[in-house]
Amino acid sequence: MHTHTNSIVIFYSEEDEGYITVVPELPGCSAFGETEEEALREIKVAIDLRLEVERVEKEKEVVTEWFSEDHLRLLTDIAEWRMARLAKGSKEEDEFVYDKQEVVIPLSFS
Numbered sequence: 052m053h054t055h056t057n058s059i060v061i062f063y064s065e066e067d068e069g070y071i072t073v074v075p076e077l078p079g080c081s082a083f084g085e086t087e088e089e090a091l092r093e094i095k096v097a098i099d100l101r102l103e104v105e106r107v108e109k110e111k112e113v114v115t116e117w118f119s120e121d122h123l124r125l126l127t128d129i130a131e132w133r134m135a136r137l138a139k140g141s142k143e144e145d146e147f148v149y150d151k152q153e154v155v156i157p158l159s160f161s
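Here the sequence shown stands for residues 52 to 161, where the numbers follow our numbering.
Rather than coming from a laboratory, the hints here were simulated on the basis of the structure.
A few of these clues could be false.
Okay, the calculated beta carbon distance ranges per label pair [to be verified]: (1) Arg92 x Met134: 34 to 44 Å; (2) Leu100 x Ser64: 41 to 51 Å; (3) Glu103 x Phe83: 45 to 55 Å; (4) Pro75 x Lys111: 21 to 31 Å.
In this text, a Cβ means the ideal position worked out from N, Cα and C, and glycines have one as well.
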């Protein structure tokens, strides 16, 4: 299991009347608490959320590398078309014709 090591800076803000925590390795990752303990709890949540966002963004990059923008649009259109057909109760096999081009994809609802 890979673990992330980040330094946490905590300081008291007179203006905010509380403690602010920041993670220098994660720009923009900060938290506030009325006590040091609360600020540390909040920064742990902020770090987890930030790392989750980075993970999701990395997955999006991988998908984008696999498929061109046109392929992704086609897959999205097929999925929407299929959901609409299923919502109408269609059970028969049908074909999806994309933008009246030469792309014809047989689809089964079974």
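Hint check:
In this structure the supplied range 34 to 44 Å holds for arginine 92 paired with methionine 134, their Cβ-Cβ distance being about 41 Å. The hinted window of 41 to 51 Å between leucine 100 and serine 64 is violated, with their beta carbons roughly 22 Å apart. The supplied range of 45 to 55 Å is broken by glutamate 103 and phenylalanine 83, whose beta-carbon atoms lie about 20 Å from each other. At about 26 Å, the CB distance of proline 75 to lysine 111 agrees with the hint of 21 to 31 Å.
Taken one by one, the earlier hints fail for this structure at numbers 2 and 3, listed in ascending order.
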